[in-house]
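K.L.:
Residues per chain, in single letters:
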Amino acid sequence: GDSVTQMEGPVTLSEEAFLTINCTYTATGYPSLFWYVQYPGEGLQLLLKATKADDKGSNKGFEATYRKETTSFHLEKGSVQVSDSAVYFCALRNSGNTPLVFGKGTRLSVIA
Amino acid sequence: DTAVSQTPKYLVTQMGNDKSIKCEQNLGHDTMYWYKQDSKKFLKIMFSYNNKELIINETVPNRFSPKSPDKAHLNLHINSLELGDSAVYFCASSQDWRWGYTFGSGTRLTVV
Chain P
241 GDSVTQMEGP VTLSEEAFLT INCTYTATGY PSLFWYVQYP GEGLQLLLKA
291 TKADDKGSNK GFEATYRKET TSFHLEKGSV QVSDSAVYFC ALRNSGNTPL
341 VFGKGTRLSV IA
Chain E
8 DTAVSQTPKY LVTQMGNDKS IKCEQNLGHD TMYWYKQDSK KFLKIMFSYN
58 NKELIINETV PNRFSPKSPD KAHLNLHINS LELGDSAVYF CASSQDWRWG
108 YTFGSGTRLT VV
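Protein sequence lines, in the order shown, are assigned to chains P and E. Here this note's numbering is used: the first sequence runs in plain steps of one and ends on residue 352. Here this note's numbering is used: the second sequence runs in plain steps of one and ends on residue 119.
Hints in this document: simulated from the structure, not taken from any laboratory. There could be a bad hint or two in this list.
[As the list claims (entries may be wrong)] Examples of chain P residues lying across from chain E (beta carbon under 7 Å, computed):
hint, residue
1, Ser272
2, Leu286
3, Thr291
4, Ala326
5, Val327
6, Ser335
7, Asn337
8, Pro339
9, Leu340
10, Lys344
11, Gly345
For every residue, glycine included, the Cβ atom is placed at its ideal position computed from N, Cα and C.
Take these sequences, add in the hints, and give me the full structure.
P.N.:
Here it is in structure tokens:
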């Protein structure tokens with residue numbers, strides 16, 4: 241079945257450092273890909289998405305490019321802030337009524 | 008206006024009790040979901056309803072019973088609660104498979 245693998249955390253960075261969280265997927269067909277963020281004590285919020293190959297999703301300084309040749313959707317940000325500390329989930333969804341499939345999440349801590 | 012709302016936000020109860028969690032969405036979405044998030048933040052699909060019809064029923068104990076009185080509501084009833092049911096339960100809704108989900112803020116269930 242479909243699956244998502246993302247890098248194990250936790251990831252600890254200093255403020256203004258560059259962030260990369262790796263995500264690769266296994267799926268049939270052409271899924272849509274997503275990054276969700278979960279701040280402490282809150283629900284999941286959609287951060288960005290891409291619905292076809294070579295699409296770049298971006299939001300709040302984060303971006304990720306749908307790479308079909310490497311089945312990847314890595315999350316990047318050029319300069320992280322303390323307020324970016326959260327758990328980040330990579331996810332995919334195939335067509336029809338298939339559910340969103342999540343990676344295991346990567347906890348990011350940004351220190352001042 | 009809250010898009011997907013769950014009640015209660017916190018639920019502490021004793022083993023063996025029966026409890027319900029309610030979920031409502033005002034987005035006009037056709038499909039609603041229940042996910043369970045364990046202590047390691049792993050998210051697993053439990054159920055999915057499309058226009059009041061059950062379309063996904065993962066390997067969840069039959070003590071868990073979803074009910075969808077209309078397409079805006081999806082409630083979760085749990086019988087004979089066990090310690091292992093302690094988790095955060097998220098409700099979500101979606102309209103189109105390409106656009107991901109909108110999540111509620113979660114219900115933290117603690118069984119003592």
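K.L.:
If a hint holds in the structure, say so; if it does not, say that too.
P.N.:
Hint by hint, here is what the structure shows:
no.: 1; hint: Ser272; verdict: holds (5 Å)
no.: 2; hint: Leu286; verdict: holds (5 Å)
no.: 3; hint: Thr291; verdict: holds (5 Å)
no.: 4; hint: Ala326; verdict: violated (11 Å)
no.: 5; hint: Val327; verdict: holds (6 Å)
no.: 6; hint: Ser335; verdict: holds (5 Å)
no.: 7; hint: Asn337; verdict: holds (5 Å)
no.: 8; hint: Pro339; verdict: holds (4 Å)
no.: 9; hint: Leu340; verdict: holds (6 Å)
no.: 10; hint: Lys344; verdict: holds (6 Å)
no.: 11; hint: Gly345; verdict: holds (4 Å)
Violated hint for the displayed structure: number 4, the only one.
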